[in-house]
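Those protein sequences? They're chains A and B, same order as listed. Position 29 of the first sequence, counting from 1, maps to 29 under the UniProt record's numbering, and the rest follow consecutively. Position 466 of the second sequence, counting from 1, maps to 466 under the UniProt record's numbering, and the rest follow consecutively.
Since the hints were made in silico from the structure, they are not lab data. Quick caveat: nothing in here was measured; it's all calculated off a predicted structure. Glycine is no exception: its CB is placed at the ideal position from the N, C-alpha and C atoms. Do not take every clue at face value.
[What the hints assert, rightly or not] Partial list, derived from the structure: chain B residues whose beta carbon lies under 10 Å from chain A: (1) Gln3; (2) Arg11; (3) Ser321; (4) Lys325; (5) Glu326; (6) Val332; (7) Asn415; (8) Val417; (9) Leu420; (10) Lys628; (11) Leu778.
[Stated by the list, open to error] Calculated cross-link-like contacts (lysine-lysine; reagent style BS3-like; alpha-carbon spacing at most 25 Å): (12) Lys159/A - Lys337/B; (13) Lys83/A - Lys793/B; (14) Lys7/B - Lys135/A; (15) Lys737/B - Lys793/B; (16) Lys337/B - Lys75/A; (17) Lys73/A - Lys337/B; (18) Lys82/A - Lys637/B; (19) Lys337/B - Lys71/A; (20) Lys637/B - Lys679/B; (21) Lys82/A - Lys7/B; (22) Lys672/B - Lys134/A; (23) Lys119/A - Lys737/B; (24) Lys649/B - Lys628/B; (25) Lys460/B - Lys608/B; (26) Lys608/B - Lys537/B; (27) Lys737/B - Lys135/A.
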Amino acid sequence: MLELKNIFRWYNSGVNRAFVLRDVSLNIEQGEFVSIMGPSGSGKSTLLHILGMMDEPNEGEYSFLGENVLKIKEKQRAELYKKHIGFVFQAYHLIDELTVYENIETPLLYHGIGSSERKSMVADILDRFNIVGKKDLFPNQLSGGQQQLVGIARAIITKPNLILADEPTGNLNSKQGQEIMELFKTLNDEGVTIIQVTHSEKNATYGSRVIELLDGRIER
Amino acid sequence: MIQNYLKIAIRNLLRNKVFSAINIVGLALGIATCLVIMLFVYDELSYDRFNEKTDRIFRVVFKASINDGKINEANVMPPTAQVLKNDYPEVLAATRLRTSGSPEIIYQNKKFKEHDFASVDANFFDVFTLPLLKGDAKTALREPNTAVITQDFAKKYFGDENPIGKVLFIKSWNENYKVTGLIDKVPHNSHFHFDIFGSMAGVKDAQAASWMTSGYFTYLVLPEDFDYKVLEAKLPQVIKKYMGPQIQTAMGMSLSQFLQKGNQLGLFLQPLTSIHFDEGFTGTLEPSGNIQYVYIFGAIAVFMLLIACINFMNLSTAGASKRAKEVGVRKVLGSIKQDLISQFLFESILLSVVALLLSLMLVQLSLPVFNDLAEKDLQLDFLKNPLLLIAFLVFGLLVGVLAGSYPAFFLSSFNPVEVLKGKFKLAGKSISLRSGLVVFQFFISIALIIGTTVVYQQIKFIQSKDLGYAKDQLLIMRNTWSLGKNEEVFRQQILQDPRVLSVTSAGYLPAGPSDSNNSMGYPDSDESQVMRTLEYKIDEQYIPTMGMKVIAGRNFSKDFATDSTAMIINETAAKAFGWGKNAVGHTITRLKNNDGLKVTYSIIGVVKDFHFKSLHENITPLLMVSEKTYGLTIKVKGKDVEGLLASLKNQWQKFNVEEPFSYSFMDELFEKTYQSEQKISVILSIFSGLTIFVACLGLFGLATFTAEQRTKEIGVRKVLGASVSQIVTLLSKEFLKLVLIACGFAFPIGYWLMNKWLQDFAYRIEISAWIFVLAGILALFIALLTISYQAIKAALANPVTSLRTE
Ligand SMILES: Nc1ncnc2c1ncn2[C@@H]1O[C@H](COP(=O)(O)OP(=O)(O)O)[C@@H](O)[C@H]1O
Ligand SMILES: [Mg+2]
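Could you build the full structure based on these sequences and the hints that come with them?
If you want it as structure tokens, here you go:
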């Protein structure tokens, strides 16, 4: 599904280059559930951002669904996000001014989906995640686990075939984290590719494959 | 999508109530000020443009320089119109207007004293677009003693009856005028306003072939796209051909001799549209507008709007960190930059629409006040002027785009990775830009403070200037001409009153309405030195009553029979004729009009210069002769003016004249001369107050943001032992630095501009340093006051709570 070849990512600090990713090559197939692990600062988020096209490598090649996606225009990138990718963040990143319902609805607006269809899609998801009763609340009225549920609901409502999650359970207690993981498992069973960053060995066991990062290199 | 934007926008507005209020109020004030000023500017620039032939109408004016005395007259000699029409085929039409004093007009039992009577040529309504509601424009004024009147005038005399055919009796000239036409009214933006236009056909003087008199406002219609300079270049021939012979007769020298002495004179053309702003002409129909004020106000309008927009930009970018997350999330959800730009633009346009509505209310509320101050009749009437509504909406849209564009591009360009990593910090660039904007706002504010102070100072200076006469306690009665010979009787009666010091009988006054007379004369029989000067006809009481000083020789006196050919001149005249301090004993020979009569006067005294023109102009040579004119000026002693007036009125009524008892005070007339400056100073201070207020609104918002953003830092510092005052200083310092930088720009520019404004006054103040010190301190003080509220609030906050919020 996606393939990284000899990816380098560095920051210039003074005269030196501070390498964050060194020569990372990676191949991920449709339907995989990959966990990226590694100590803090090892470049996990950076890798995920590059996979999600939010960040660009300084060197290397990246093809997504057979298409070379480096140096594509912002418009095409937005198009790819829309069609294929859903993001889940450690800090949820819901829009504070919008209600649960509206947050989930927002990506549909960018997809140009009609209002009645939007309504039924959002209703379905609310139903599935068991948060119908919360739909008119604002993010700050929800617990962390509920917010993350909304974040995931928002990520999958457009039926992406790739979900990128950066420490999705990082701010949650273990029970909440387990629920989220179960949810990912179900989604993966439905055919959605999932790439998550996690610190928890237990969470990693939900996945089909673990990638260990150390100092910007893939160790395993 | 719009719905989504609208929701976010409204929730954002409500959540940040303070900033929303600052933005909306600031923008509304900016827009309102801008609108009022735009209405004013539009009105000023629209003068005389209601005429269909606006661009083809030109006024003939007379300019001369005779022995270095400059003459610029707005009206010309009676034959000019006819001659130009006859001699030059490009003159398609020529028409004249002459003012005809203030006659008393009677119809049946209705009797009024009219001020706006003009005599005009028959083709006047062909040249100017003043459509006749009744009567025929082509023929109405062909016959002598016919008149076209305005509707108000008709109503006053004839009520609802048809005015056509009615006959008005002009008592002052003992003539009848038949009404042959009716117009609505002369538009307010015309350079002349009359209620009654009488036919010139019967006016004898109008047929005179004299090139040595003037008084005729002469307008030409030229062909479409004709360059009037071409015609103007031919006008010296007219002077040579027609005026030359008459100069020979009057002055005893030929025109070319006259010109060889360095004198100049000629006819020139003035486009109709520039009449309103052309200053420096004497004998105009109405005081001219001042293009400077159009510029000044226009600049204020632009600045005001800019400042309001800057507030908006500043607050939006300062608040950017709050919106940053939203931008990042939206981008990751598939929004492209353009979507975000339109979202933020949508928000700012929404805000400006709200501000626009508020500003409408403000304009409606403030227009009456402004109209009163500016002596205008401006209206914001969308029904009458749908174009105004469109302009208004477009304007609101523009303001929204202008204010919103920078924040929109700024916000929408955030990099989602950085934003969502929580590493987001406002780039240094945006902070320095924001500082720049604050500097700009305060630059404008300080410059306005300086401007307002200088204007105020100059006006005070004028009011306290030694005028060379004592304007206080002078009571003026101008219409004593109606007493005829009894004026002297009345004068003697007044003198009996213990509350009266002295009384002079003369129509010439140094301020307010005055008789006026210019005459040609030359000193010591040297005809080559001929000079045109102003002349006062006064009596021997005049100089002491006015409190003027004779600095050489003596005043006129009843004891000298020869005083009928004696003359007193002012210091400037003594200098101009080259006599300096030794003027007494010299002679001046005056040319009595164009019939060649000459009378020689010997100088018996020199009067200390006094200001008989506005202080915009230098004192010019002035000659005073002892001759009877009407009008009494009374020097009052003590405080009982009310009582004196009552007894004067009583005595006046005993003479049984039709003129009502009326009076004025010299000091009030003097004030009136500077009314326009005074009003400008009031308007200017209001506008600068508003501008400063809006700038402070913005500063307040910024201070709030800064305090919020630095909450954690403040908490840490307090835990480490910083005192409240140290923290207040910390927060205020940066802003005060910006105000100081603004001073650095405002001082030189303010100085330069106000110096330029002062050049308009012949007598003016020096701009002193303390004005700048004052403006700087005032700005600092206002800024400090604005910031300190937030700074103190932040400094007093409990550090534990502020640390926990992070
Ligand atoms: N904008 C940046 N400038 C310089 N260094 C950065 C920047 N962003 C991230 N880094 C560095 O890159 C490294 C990897 O970061 P990250 O991918 O977030 O690690 P992880 O998610 O594994 O904790 C870290 O050492 C971090 O300091
Ligand atoms: Mg990370």
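Each hint tested on the structure:
1. Restraint check, Gln3/B versus chain A: the minimum CB separation of about 9 Å is within 10 Å; hint holds.
2. The criterion of a C-beta within 10 Å of any C-beta in chain A is met by Arg11/B, whose closest approach is roughly 4 Å, and the hint holds.
3. Interface restraint check for Ser321/B: the shortest CB-CB distance to chain A comes to about 13 Å, outside 10 Å, so the restraint is violated.
4. A cut of 10 Å between beta carbons decides the hint on Lys325/B: the least distance to chain A is about 6 Å, and the hint holds.
5. Because the beta carbon of Glu326/B sits about 5 Å from the nearest beta carbon in chain A, less than 10 Å, this interface hint is met.
6. Evaluation of the Val332/B hint against chain A yields a held restraint, the C-beta minimum of about 5 Å falling below 10 Å.
7. For the restraint placing Asn415/B at the interface with chain A, the shortest Cβ-Cβ distance is roughly 8 Å, inside the 10 Å limit, so the hint holds.
8. Contact between Val417/B and chain A, as hinted, is supported at the beta carbon level, the nearest pair being about 5 Å apart and thus within 10 Å.
9. Checking Leu420/B against chain A: minimum C-beta separation of about 6 Å stays under 10 Å; hint holds.
10. Below 10 Å, beta-carbon pairs count as interface contacts, and Lys628/B has none with chain A, the closest being about 86 Å; its hint is therefore violated.
11. Taken as an interface hint, Leu778/B does not check out: its beta carbon lies about 40 Å from the nearest beta carbon of chain A, beyond 10 Å.
12. With a CA separation close to 23 Å, the supplied pair Lys159/A and Lys337/B stays within the 25 Å bound.
13. A threshold of 25 Å between alpha carbons decides the hint, and for Lys83/A with Lys793/B the separation of about 49 Å lies outside it, so the pair is violated.
14. With a CA separation close to 16 Å, the supplied pair Lys7/B and Lys135/A stays within the 25 Å bound.
15. With a C-alpha separation of about 21 Å, the suggested pairing of Lys737/B with Lys793/B holds against the 25 Å cut-off.
16. For the proposed pair Lys337/B and Lys75/A, the alpha carbon gap of about 8 Å is at most 25 Å, so the pair holds.
17. Proposed proximity of Lys73/A and Lys337/B is supported: the alpha carbons are some 11 Å apart, at most 25 Å.
18. At most 25 Å may separate the alpha-carbon atoms for a hinted pair to count; Lys82/A and Lys637/B exceed this at roughly 93 Å.
19. Only pairs whose Cα atoms come within 25 Å are accepted, and Lys337/B paired with Lys71/A is accepted, the gap being roughly 16 Å.
20. Restraint check for Lys637/B and Lys679/B: not satisfied, since their Cα atoms lie roughly 32 Å apart, outside the 25 Å limit.
21. For a cut-off of 25 Å, the pair hint linking Lys82/A to Lys7/B stands: about 22 Å separates their Cα positions.
22. The hinted pair formed by Lys672/B and Lys134/A fails the criterion: a straight-line CA distance of about 73 Å is larger than 25 Å.
23. The straight-line distance between the Cα atoms of Lys119/A and Lys737/B is roughly 54 Å, outside the 25 Å bound, and the hint therefore fails.
24. Between Lys649/B and Lys628/B, the direct Cα distance comes to roughly 24 Å. Compliance with the 25 Å bound is thereby established for this hinted pair.
25. Our distance criterion of 25 Å between C-alpha atoms is met by Lys460/B and Lys608/B, whose separation comes to about 23 Å.
26. Proposed proximity of Lys608/B and Lys537/B is supported: the alpha carbons are some 17 Å apart, at most 25 Å.
27. For the hint linking Lys737/B to Lys135/A, the alpha-carbon distance of about 49 Å lies beyond 25 Å, and the restraint is violated.
In terms of the numbered hints stated before, the structure departs from hints 3, 10, 11, 13, 18, 20, 22, 23, 27, listed from lowest to highest.
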